[in-house]
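Trainee: Below are the chains, spelled out letter by letter.
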Amino acid sequence: MAHPAYTQEEQLARATFLALMWSLSYPGRIYELPEGSNPLHVIADTLLDLETTFYTPDGELAHYLGRNNAREVAVERADYQFYPQLTNDLLVTVQQANIGTLLYPDQGATLIIGCSLDGDTSLSLSGPGIPPAQPNKIRVGGIPNAFWDLRDNANRYPRGWDVYLVDESRIIGLPRTTIITVGGE
Amino acid sequence: MAYVATKGGEKAIQESEKLYHQLKKPVTPEFVQEIMDTMPYLVDRVMGEGSLYAPDLAALAIAQSGGDLYEAVLLLRAYRSTQPRLAYAKPVTVDETLTLRRISAAFKDIPGGQILGPSLDYSHRILKLDVLDGPSPTDEEEDTAVEPAEKPAKPQYPLVADWLRQQGMMTAIDVPEEIDAADIPDVTRDPVMMPAPRAHRLQALARADTGGVLALGYASMRGYGFVHPTVNELRLAYAEVQVKHPVTGEYFSAGRVRVSQAEIVTKGKSTYKIGFTATMGWNEVKLIAGATLDMEMSQAEPHPALNEDFVLYHTEPIESSGFCIHFKLPHYVTFSSSMDNMRKVITVLYGAEAAGKDADEREEDAEKTATSEIVTKDTM
Amino acid sequence: MSLTDLAQPNQGYSYAFLDAFAKRELRRRILKGIAIPGYQVPYASRELPIARGWGTGGLQVTLSLVGPDDTVKVIDQGADDSVNAANLRRFITRMSGAETTTDANAATIIQSRHRIPEEILGEHHALVLQVPNPEPLRRVEPDMAKARILHADADYGQMWLVLYEQLVRFGRYIQGAAYPVMVHERFVMAPSPIPRWDTPALHQSAHLTLLSAGREKRLYAVPPYTNVYPLEFTDVPFEVEDQREWACRTTGARNKFLNELPMDDGSSQFELSDTGYMEKLVNQQRGEPITVGTTYYDDEGNFYHDGYLKPRYNGERPSDA
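Protein chains in written order, with the numbering used here: chain A, 83 to 267; chain B, 297 to 676; chain C, 86 to 406.
Note that these hints are calculated values from the structure, not bench results.
So the derived list for chain B, only partly shown, Cβ under 7 Å to chain C, looks like this:
#	residue
1	Tyr-299
2	Lys-640
3	Val-644
Below are the DSSO-like pairs computed for lysine-lysine, each with C-alpha atoms no more than 30 Å apart in a straight line:
#	chain 1	residue 1	chain 2	residue 2
4	B	Lys-424	B	Lys-320
5	B	Lys-320	B	Lys-307
6	B	Lys-447	B	Lys-404
7	B	Lys-565	B	Lys-404
8	B	Lys-569	C	Lys-231
9	B	Lys-565	C	Lys-231
Think of the CB as a built atom: it goes at the ideal place given N, C-alpha and C, for glycine as much as any other residue.
Excised from the complex, chain A in its bound form (with noise of 0.2 Å):
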């Protein structure tokens, strides 16, 4: 019996959300999101719709991850967050981004940053889904290294942020218990 049509809505949101899974389960290594589509479009047309809420500082961005219903809500209540650029003047605002609370952590924020991946930042990453032996290292440019401290300030296992990184198609996940070390050996 033929199964039903795996349509291309479905092949780029399959394809968008293994990268964002392996990539969360492997943190630091790279993934590739589809060829040929915007990165952060398809990860809103993957994830968002209207049981989600958003927070974008893009006007551009706002307007079409608003197209499948996800509501737009302020920063501290949103629960996907698209920041194309993560400026220094952003840091304030992607502070009051949401932990969750300590009866229902999921209900912490993702965010979804663009940045380069091959930048001058050097991060040393421990945790799941990192064998011990062998700690993970990325570069990263066009984040300021405060968002670090920032994060680190912000988790309270197992209440925290999960973030992706996200470099053209290149996508790497580092999910609240990556423990993080700027510059380290």
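Since the structure of chain A is provided, determine the placement of chains B and C on it from the hints.
Mentor: Coordinates of chains B and C only, in the frame set by chain A:
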């Protein structure tokens, strides 16, 4: 030929399903229609628990499952979850419904009058054995058309509870100005969290297992609960399903559905407290038991078997029946894990020489020394 | 213009049965589950055309992952040929067009009830475990709202008390399958009713484990390379089932999880529970060119993470010591 791990499983289940259907007559459109026409209360119950108002589909589900109601409800539920949400209907208020039956046990007479409507309440439950012998034109109740009343009953009636509110004996319901239907929590789309939003509780009761709601409601009525239920109002009605026309934006009626609801009152400190249940279709037992449970669940410290978590989880027909029959599935891995413990415990409690001995003998031998009942309570 | 013109054409079923809303929701929850290892994420849990309690939780997760490029293995009690496994496999392939296999190492997605395969799963493999009861605290706190508070506070004292009582009464832990584990030093988790034999396979694994209870509407995850330890007192170790004296009647294999088969004469015979693994061993013994994967336990019963399993307890009650 290479040895293959998948052997007869797939073929076996296909043949088993065929055999099930072969032991009953095939389903025909006429038979489905017959079920709809002759068994509206059965169809109502399946639609209510299936949370899908579609008499033809419910009748088909009953026929297809050979009358196994849990299977029929599951068929409807599974079909329902493939259907998109096209629109939200306009909220229905009770006084707008076309009411056929509306009674109150709290008062001898009520504004608008007691309307008995269709009921078997006062029938003599005598099997009409002569039906089996063929048509008999002598049966008065069934074969004579209903005699119209001198004064036709009105189609719409006010709520009995409104009178109690006017008298200051019941607190008013908070009615929000404008409800966006999309904002109403939906128990079929949201994860269940406890304590549940009121909408979830009422939706869960509306699609709860009739038998399960009755069992727990009855436990409350017999005295395990705190409330003494008085049926303030019980109502069977038709409601218009009003949706917005996609072009004109005007509301129009897309059809009528059978709905029923009950309000139970019990005495609070200085006001009456209300318990409520409504469901699609007409199902009086479920309404009275459900409204009683609604009130129990609102108590500060309900009986453990009447708290919200307990009631809502255990009256879910698909989950409870599914879990119950899942015990037919093989559990030999978990059982083997438990046997491993049992053997070790026997050695620890009775010594290595007790292994493999007759259990009664062993227990007798050990009676002089302290014994422990061995109860393993593995979660499976 | 009529209403019929405005209505969308009937497209039958969505790819992999679940509609886009259901898939998006499940995918969001799965990501949160991975981010918070062992924490139970509530989800809506749609009704599927399979009875509740028969794997609908695992099935929803599988359906939100699966694509035509996947190879799926479905097992029940370790067996590919179990009727329920066959039924779920038939549904998954019918709805997705995915390939199927009995070879654990060839599968990209393994949906399982009550077992983890004997061969070590590699990176980027997803193991989906069907869960009947996601709440490890259920027997000490049946009220889900209260159990959630205990998890929030990491208040697991009652779990330790249960273990202690077991030691006092029986001289050993008597939890059979579904032995509670501590995940990433924070959440106590029900690993689904896998035998204790399989519990260690969750620890620092290369693969991703997703656990899902459809009836109870909770899903959770053990990401790769995450600490998973059975609850145990330091002086009384957790022990896997003792099958050291048993050998598979078909392959002669030892120190793999075996089913005990009662015989007419009152004796027992034993056979591998993992039928996919048995298939490989049998075919290898017949001289076919088959690569059998490395197993979690070697033929002497040593677990592949050295030192994870402590020497077996000598059986003395703590009070006797």
